[in-house]
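Given the structure of chain A, go ahead and fit chains B, C and D onto it with the hints provided.
Number of protein chains: 4
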Amino acid sequence: MKLWEIKKSSLNKKIEEYTVGEDSTIDNVIVPYDCMVTLAHAKLLYKMGILSKSELKKLVVELKGIMKLSKRGLFKIEKEEEDSHTAIENYLTARLGSIGKKIHAFRSRNEQIIGAFRLFCKEELANIEKLINDLIDEIKNFKIKYGKIKLPGYTHTRKAMESNLGMWCDWIIESMEDNKKLIATVKELIDQCPLGTGAGFGLPVKVDRNFLAKKSGFKTVQKSPVYTQNSRGKFESTILHVLTQIMFDLNKISSDIILFSLDNFGYFSLSNDICTGSSMMPHKRNPDALEIMRGNYHKVLSYEFQIKSLISNLISGYHRDFQLTKKPVVEAFKITKNSLEIMMLIIRGIGVNKTKCEQDLTSDLYSVNKVYKKVMEGKPFREAYRKVKKDYEKV
Amino acid sequence: MKLWEIKKSSLNKKIEEYTVGEDSTIDNVIVPYDCMVTLAHAKLLYKMGILSKSELKKLVVELKGIMKLSKRGLFKIEKEEEDSHTAIENYLTARLGSIGKKIHAFRSRNEQIIGAFRLFCKEELANIEKLINDLIDEIKNFKIKYGKIKLPGYTHTRKAMESNLGMWCDWIIESMEDNKKLIATVKELIDQCPLGTGAGFGLPVKVDRNFLAKKSGFKTVQKSPVYTQNSRGKFESTILHVLTQIMFDLNKISSDIILFSLDNFGYFSLSNDICTGSSMMPHKRNPDALEIMRGNYHKVLSYEFQIKSLISNLISGYHRDFQLTKKPVVEAFKITKNSLEIMMLIIRGIGVNKTKCEQDLTSDLYSVNKVYKKVMEGKPFREAYRKVKKDYEKV
Amino acid sequence: MKLWEIKKSSLNKKIEEYTVGEDSTIDNVIVPYDCMVTLAHAKLLYKMGILSKSELKKLVVELKGIMKLSKRGLFKIEKEEEDSHTAIENYLTARLGSIGKKIHAFRSRNEQIIGAFRLFCKEELANIEKLINDLIDEIKNFKIKYGKIKLPGYTHTRKAMESNLGMWCDWIIESMEDNKKLIATVKELIDQCPLGTGAGFGLPVKVDRNFLAKKSGFKTVQKSPVYTQNSRGKFESTILHVLTQIMFDLNKISSDIILFSLDNFGYFSLSNDICTGSSMMPHKRNPDALEIMRGNYHKVLSYEFQIKSLISNLISGYHRDFQLTKKPVVEAFKITKNSLEIMMLIIRGIGVNKTKCEQDLTSDLYSVNKVYKKVMEGKPFREAYRKVKKDYEKV
Amino acid sequence: MKLWEIKKSSLNKKIEEYTVGEDSTIDNVIVPYDCMVTLAHAKLLYKMGILSKSELKKLVVELKGIMKLSKRGLFKIEKEEEDSHTAIENYLTARLGSIGKKIHAFRSRNEQIIGAFRLFCKEELANIEKLINDLIDEIKNFKIKYGKIKLPGYTHTRKAMESNLGMWCDWIIESMEDNKKLIATVKELIDQCPLGTGAGFGLPVKVDRNFLAKKSGFKTVQKSPVYTQNSRGKFESTILHVLTQIMFDLNKISSDIILFSLDNFGYFSLSNDICTGSSMMPHKRNPDALEIMRGNYHKVLSYEFQIKSLISNLISGYHRDFQLTKKPVVEAFKITKNSLEIMMLIIRGIGVNKTKCEQDLTSDLYSVNKVYKKVMEGKPFREAYRKVKKDYEKV
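Chains as they are written, first to last, in my numbering: chain A, 1 to 395; chain B, 1 to 395; chain C, 1 to 395; chain D, 1 to 395.
The set of hints was computed from the structure by calculation and includes no laboratory data.
Please read all numbers here as calculations on a predicted model, not as lab measurements.
From the three backbone atoms N, C-alpha and C, an ideal C-beta is built for every residue, glycine too.
Do not take every clue at face value.
Here's a subset of chain D near chain A, in silico, CB distances under 7 Å, partners left out [unchecked claim]:
hint: 1; residue: LYS101
hint: 2; residue: TYR227
hint: 3; residue: TYR297
hint: 4; residue: VAL375
hint: 5; residue: LYS390
Next up, chain A with everything else stripped away, as it sits in the complex (with noise of 0.2 Å):
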């Protein structure tokens, strides 16, 4: 029965099953920190005299063991629930009778998916910090091994001049660093509590918000009601364009691997068991990972794209339309999670073909040391410039 039916399946199903979608499987992802906002609110409403003191036990005991069964998998969200919320207030109805029905008192689940998919997002930036970390020491130690390893530097996919793999290693390292910056500020700027706003536009009740937002674990509160659902997908796109980077820089990192693992450069050799083959050309050995890893960006980016377009063009106030801005960031997440992860398994898996590297360092990577050499003897560079390129126009 949905929160809102006073009897059951009045919906139309074939509505229902449309307005649900996906939720009753994305909002398992939810479940955990719904429980968390549930938590809070249950000691607010503790503390308003709505929930006594061993009500509020109970309710405790039961959302701790919702938490439980839902890391192990066995919290089930019906389609006819619609949501984690009401899964969860279902649930506690069903085992602790009117106690479970007192839960939602003062509060709506406009400011509750809000409040739990924050949290949400706040472990699973931390997580994408500490992969990024992880991978930051995989290219520390592919420097170590290979730094110093001197091949062609390209510019226009063209030979520009020499470089090494020490360079290349650092611009990972340095982008990556960039990165982290980035997900520092998007941590501090969701980190604002929006349980105690209701719909909108706030409670006929008073409630303690920082109270809220301690007992939530946020770190400040977002005042503002309408701001409060104005931010929604707002909010959910800047994790979407941090995400971008992160995957932008392993779409480079992808296609350099690509070009230089292939057979007419040779610099780099990819390991075995990261690559697959053909169904029928037996030779190839083809870097399906790297291929998925580069494509993967476009599906992050799609993503983004996808809730900046859908949040655009509507009045203030919460729409039904957002509810399909969780799914992208849900993807989006643990997209970056496992391409993290499967970059530092391709790293540890390159073989770097040290002769094939320098023989390619051809004589005209070296035209700008001929003209600086002129430069130091006192040339002006455009006329020393234009002397060494008329030599490489006589070729």
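Positioned in the frame of chain A, the structure of chains B, C and D alone reads:
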């Protein structure tokens, strides 16, 4: 065991999971179509003397068996098997021994998936066409009932001129008719048989491609083997474009109904069984299905963008990135079909409040009539316009 | 003075500038087509007795005059005039007095811009078609010269099987032929006359819409007045989709040429006059035009998504937001035309290094041949495959 | 003459035009910042003994001269010159002979454009920040005037609960404050000096990068030369993300005002000088500026996706494709600045109709109060909710 493996599980488990991704579930949709192209291929192999008559017969039986199992959800693709192609070959080999091992002669998975996927898309496009016709019928019924009711026409979200519900019905009908023309084009476009092109560069053995096309139900042969691969994603993006056009209309119809059924308008009312409620505010009756439909436009749109971005900046030939083009199409078909069905339900459940519609036909909606009266009397239009406008300014 | 003003400059200057935006320059492109629909409209007004024969004659002369001025870049639209419609009416009124003031009877700018813009698009689509044919001819010439040269075919950016430049030419030709089919569909789609629909809800005066369609050169009448407005952006997005398909092919051709002309490949060489240099490294010869072309795909793609996102979540009827749909289309046509022309130039300037192509035809490209030989001798394919693969593993 | 040419016009004219594109106009914006980085570079060359004190002095004078000319729109970049870098060097050489020819020693245009562009972006971000503060002030004034007026709060575009204009003001203020935090992060992110990194692989001569950073006004040195190039587009996309966040708020404010000033609501009225009219319907007063602003969100959004799609699937190092990242950023800054200014104007011109606002505060907006009353009396919330809901169902 994968088709390209010579010993089981040579691939790192994490890499396997990352590259296979959601294919083991998505490919369930593909299985019957994969059987169809495999059936055509088996006939070719018989024609070429690779399979005997009795071997062909056995294969036909088993492939039809797979199709039946698949329809009942009983044909499973293991993660370890990567895709439907592997699952089918493994199944055939398990049942028929060396006959199964013969089936992949003179073909590649690269052509096989394109063939199977196009057959799937052809059928889905036909399904969409049918649903559009049903929706048009529904709108025609609505027009018969309510078409003559007058209400304001809005430009700039401002009352402009008198309109009527018949006009509102007509745009939907005409737009959906245009959508059908686009469907016809894309059906024609993808009705090109990729079979017999190998991995994208033809085969070292001559195969009768016209025979393959005929047996697998394609209208023409897609001649260039390179183009079969390079059109992957490209064709898919055209399919998605057509689906966004349909979803765009549904997005606008939803926007219209949401506004017209808002208290401040009251032109439309929505039946109870298509409205959802609030967990907190007992008076609410919300048009969630329409909001989800509005939002689903952006989902389909982001799928189109994902594919168009994904396939860019890559050289000719197959890339594993292309695997990611399947899910967006499968999902977009599902969303579009569901949305068309739901829209029919909603249209059927709309009530029209004639009084409220007519009540809003205020005199300013007829300002043009005043101007045209003067024009008919011989006054140049712009003078007549400015004269009438002056009266409005005074107000 | 704007058409809707009764005294000059009633609008805040900053608001004027913001709303007009780039229209005063973009609309220069529209002027001739605006004259065409205005010409058709003048004939209607004559038919309806609003204009006398001599008045019509004078209007015809002046409108043709504007078209000539416009062709020579001498017809100016002032910011203060908002758009081409205003500039034309103001010009006619300045030259012909009250005759000019009569021209806007029984029409709205909402239909006028759609009519003019569609005529513009029809012509541009024809231009694109012609350029595609020219490119196909260029590719055919290239094929005659180099088609038989063999080189490796790549899958997963890895050497797969023997290919040849003829195959490379064929995919471009076939893909461009398919693009032409899409152009034909979109030309048909937009060949619907919006004239006579007023602001989107018809007119309080009966006008002969078939007459208008015939005189302005449209194939059919777009019947529903609401649909004329609701198809705005929708039709534009279909045009842009078709342009992205063309640009996608150019993106891929560019990617191919950039890689094949890279030192490590050396299959292609680019003539000096299509390469640019570096300000610093005298040896560099960069394929900038190809990189810009690759990038321009994304520009056109983003235009498509701009329109598709812009027009969403809005109710039926005209919105000023639609003004922003003009520039993306005008720009995308320009980019696509230029890109097709440049691609011809580049193809003409490619040299092929037969030795380098053939040198890369290493034995592994023929691994399938080994497998098929065994198949021909009666071995089941999968066994043959695994046997041959074992040999490669040993290496 | 281009910097890399040894004789004039060696490049095909059409290729030249295609590759230069809009750079000769966009780069006008860059000229002053290009002078700044060139100034820093000149000081480095003096420090390194390449320029004498008097040569440096002359360069300083000329560069400051260019900045002045540029401010007055008098410094021209010829198409033939490609970009601001070439125009500046050519100008310096024309005025100072061989001193000008010395300026490009030990640097590349690849680093120069990044340095100049980041300086430009830093200034634009500061401008945006200031305008946000101005808008916040404007909203605060509006709140003082109208904040206490009550009106319905909407969820699902349905009347939900009592709200007031103060709440509406607060969300804008808080959201804009959050936007400022994002601006601070991106300002920090891009405040990294790319100078001294050459074409992306360092220089064969040691240069003092800390000196360059200090002299050009950057906070830190971006260490990895490869990262300077690989962060191009990446940093730009973060800037654009921040601008979309601001534009998103403006999109929502516009949507709110358009609806609230619609006849059927009448909460807001818009002053005459910010409304436009219809060429046909004399009674119309349209909120065009708000519609354009709503639309401009999508323009900025599409710019973000253009860059994010453009830079993907490419290997490390500079590609000419990056040139196309400039215009989206320049345009997006312009649109965002204009939009913020226009929003201030509009807010200032809003009138509030208190009667209409309060008139819509119907009793159902207080359904929650009824429920909470029962809760306060001891009834479990869900029971209270269902009891009150039953009364609404009866109606």
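Violated constraints from the hint list, given by number and in increasing order: none
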